[in-house]
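All chains, please: the whole structure from these sequences, using the hints.
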Amino acid sequence: MGKNNYLKLLVMAAIIAVVPLIVSGDYHLSILVFMGINCMVVVGLSLLMGYAGQISLGHAAFFGIGAYSTGILTTQFGLSIYAAFLCGILFSSLVAVIIGIPALRLQGHYLAIATLGIGEIIYIIFNEMVGLTGGPSGLSNIPAFHVGGYPFSHSIQYYYLVWGALLVILWFSLNLIHSRVGRALKAMHGSEVAAGAMGINLSAYKIQIFVLSAIYASIAGSIYAHFVSFIAPNNFAFMNSIMFLMMGVVGGLHNIWGAVMGASLMTFLPEYLRVFKEFDILIYGAILLAILLFMPEGFLEGIPMLYRKYFKRGEA
Amino acid sequence: MNHKKLSKISLITAFTLFFCLSLTGPAMAQGPIKIGFVASITGGASWLGQPEKDTALMVQEWINKEGGIKGVPVQIIIEDSKSDASQAVLATKKLIDGDKVVAIIGSSTSGESMAMASICEAAKIPMISMAAALQIVTPADEYKRIAGTIESPRVQRPWIFKTPQTDTSAVEAIYAHMKKKGITKVGIVTVSDGFGSAGRNELKRMAPKYNINLVADEVYGPKDADMTAQLTKIRTSGAQAVINWSIGPTQVIVTKNWKSLAMGMPLYQSHGFGNKKNIELAGGSAEGVIAPLGRLIGWEKLPKTHPQYKVLSRYATEYEKRTKSDVSTFGGHGYDGLYLAIDSIKAVGPDRTKVRDFLENDIKNWPGTGGVFNMSATDHTGLDLSAFEMIQVVKGDWAFAK
Amino acid sequence: MDLQGQIIQYLATGLTLGSIYAMVGLGFTIIYNATGIINLAQGEFVMFGGLIMVFFTTTLGLPLFLSFFITLALTTGIGMLYERLFIHHPSKTAPLMTLLIITVAVSIFFRGIAMFIWGKEPYSLPHFSSPEPIIIGGAAILPQVFWILGLSLLAVILMNIFFNRTITGKAMSACAVNRVAASLVGIDVSKMVLLSFALSATLGALAGASITPIALMEYDRGPMLALKGFCAAVLGGLGFGTGAVVAGFLLGLIESFTTGFISSAFKEATALIILILVLFIKPSGIFGSAEVGKIKKI
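Chains as they are written, first to last, in the working numbering: chain A, 1 to 316; chain B, 1 to 402; chain C, 1 to 298.
Treat the hints as calculated values from the structure; they're not laboratory data.
You can take every hint at face value.
List time: in silico EDC-like cross-link candidates among lysine to aspartate or glutamate, alpha-carbon distance up to 20 Å: (1) B:Lys364 <-> B:Asp343; (2) A:Lys277 <-> B:Glu61; (3) B:Lys34 <-> B:Asp351; (4) B:Lys324 <-> B:Glu61; (5) A:Lys277 <-> B:Asp99; (6) B:Lys276 <-> C:Glu121; (7) B:Lys100 <-> A:Asp26; (8) B:Lys395 <-> C:Glu132; (9) B:Lys124 <-> B:Asp379; (10) C:Lys92 <-> A:Glu297; (11) B:Lys324 <-> C:Glu121; (12) B:Lys124 <-> A:Asp26; (13) B:Lys185 <-> B:Asp217; (14) B:Lys277 <-> C:Glu121; (15) C:Lys92 <-> A:Glu301; (16) B:Lys65 <-> B:Glu318; (17) B:Lys321 <-> C:Glu121; (18) B:Lys34 <-> A:Asp26; (19) A:Lys277 <-> B:Asp54.
Simulated restraints, written as ranges between beta carbons of each label pair: (20) A:Ile15 <-> B:Ser386: 54 to 62 Å; (21) A:Val275 <-> C:Phe146: 46 to 54 Å; (22) C:Leu62 <-> A:Val193: 54 to 62 Å; (23) C:Ala73 <-> A:Leu273: 32 to 40 Å; (24) B:Arg314 <-> A:Val168: 54 to 62 Å; (25) A:Leu21 <-> C:Met80: 47 to 55 Å; (26) A:Val275 <-> B:Lys346: 26 to 34 Å; (27) B:Lys185 <-> C:Phe146: 31 to 39 Å; (28) A:Met129 <-> C:Ile161: 46 to 54 Å; (29) C:His89 <-> A:Leu167: 35 to 43 Å.
Note that this is a predicted model, so its numbers are computed, not measured.
Using N, Cα and C, we set each Cβ at its ideal position, and we do this for glycine too.
Right, here's the structure in full:
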């Protein structure tokens, strides 16, 4: 996958290992856990939208399927967490395939709205199937994640779980991008007609990437459910899908590292803004707008671009 | 080469910024007694959170003007949960970890409170919720055990308390009134959020106890604009009365729809109806609406000897003077939660375990805005039916329902 | 209430809701036509329409008629400011997905401002005429419903005339077909974009002001409406204004009749399922043609 990316992964692994030595306290580690969870979802979105050129305005639904699968299976059916996780992945993949086959035939805004509509329908299912999901009152007492019989009791354990999983996901995704599959996706994104003419099986690749991004979101959702121990449908609605999308765009959709940046930034920004009390929502909106207006390709591309624009004037 | 370096720099800068923020956290402070307060100040439930926040600020002022607790100033640290359970969790962790508060009051909605409860239980810090659901204070298996029965829970979560009257009590108050009036067939229309669905559960569960038959069960969304269709359906179901269970603007919209349809049956609202604004916004269509309300509403009509009179009159007059808006029962829940914590700390000092024990064992005949509280190991709400008065809207004002 | 009465009642509700969705959907379409952008802040125009009118009518005590027009004017101004500040520059360089997210950020920003000015409580407006319902065939229909329907239809007719019979309108349609070609024939595309935002804002304000007497209005009503309006716009065939209007009414009617005859729990699901089925069967929407629907790739 290129020396560059291996290096970045190593640096990231190093940072992940080092951070807990500096940052302590349940609160701050919790923010990092949420950051990691969001990164997972957005990396999947980045693969789907940035590389394969598709759209999903309903990704929170897969996040929710992961969360509810593991939540319901562990609380109501007494399954082990690992089995529940796997079931969550299975359900998400199934839903992704069922939706993907007809939906991915659509293009542009139509695909967007199909994914939006399906996201909404899944949200309605979460909300209305009260017997199974607890409805709007939510599902509570989801057990903590555990490794070999030892339940997690502190955020630091979830921190390692999430960021470790994210590293694996990144490694896998980067490998994918730099493989035949990745090149096929790039070709597809550039021009579907040309790609098709080259013999690339468009629909197969589209669905595979859709399913993969759904699986990432599902894993993230399952971890989320065990971390907060209580989930409710309003965490998996349209606005949440848009938020994930926003994280991707802010960081830069066309690059997985951008996805990580965007998700991280937008997770800790609201926490940082807590000091401003009720002004925080205005400042948040203002910052977002500023980023989007001045760095339309996202933060990751934007910083070097601004640097070049303002500091490298001298060089041609 | 530059590109790669710069993006790594961006990454590292972001993390470094984060470190700085975490390192500038508040140092271990000996000093004021800190009480945490989480409310949905923004977001979908902000209608609840704003009066709660205003109340918290007012209480902080009062208590410090009186010299604090035994001479030590009190700091109420207010956090916004943004009506979101994950944010409520983060806010709670910040208060426990960073600010090291003695107790936490919050949050405004049942969903958020459920999420916060697990954290507070694990951290062994007393939590007093301002939300109504029975599930908040009842362990999951106990709640499951009584589902489908008309029993009350026999076990409560040790560290979790709440101040609003339970939705169960509100439902029972309504049903008791209906029984008195000879109503047996009822249609319910509820909002599909935490408050509404919890109410709906209790409405269905308690109906058999009062010989009530639910002939219609309709729902709507929290941002829906018109419930005429649902009410029309209820009308055709043979119901003799209709109960609406929601908070926020939909309470008013249902009231207006009910009036314009001339449904010919009484409309009962939930205990969330207790705000004069609702009558105003309904513009006359609220005439005749009945609801079980805490005595904060219509307190002026109480005899001065009533145990709650002193608390209610002080809170209501000061709140209205300070915020220039009508007093609401939600702010009252915040008031009760804060003073429960304050009185406990006054009695046993800023120790989390001692405060918890005091709350569970020593809160007896304690007058608050929601009612007279009697906490016990089997009841962390402390209120029952008697906390409510059945109130009816008469000539645009509150009156005791007949 | 007999069946006929019920049907008329559901019809009235469906048309009331539908006309709001129609106005929002039409607003979406107008902006989409001129720019290719999906404006997810569309719902906020409705919100501003309602709340600004409350300010002039209730706080300042102006007569309804006057308030109404001032409200339309002001909200249109907000729309134009929005375009100039946040769309004009980025629309030249930013990818469409970024523009979409910009509209989301603007939506957050607008909600923040509204929260500051009006707080979180809902507000009401007096009915435009009598608050007493009219009994038609056993159903009780508020006069305000006729105002909502009437104003919406008037707006649609005016828009139709504008787009089909005036030079400016035709110029805007030209931008929808091909921006480059339009500018080549001398159309000031950037002015057309500004105009599209202005018109959408006016339509939103109209919907907001007229629905508030029945449904109240508060600072965060926008996103739900944007979602439904977007569905209406796509269902009707993105890019086809009249289609969006018809689809909007259709959505309202589906919701209302599903509540009445099936179950209120599934009213939104039914509408969404129909929307998705239509998309799978005829992707360009009920009324869109495959050609007009040739969308810009994101």
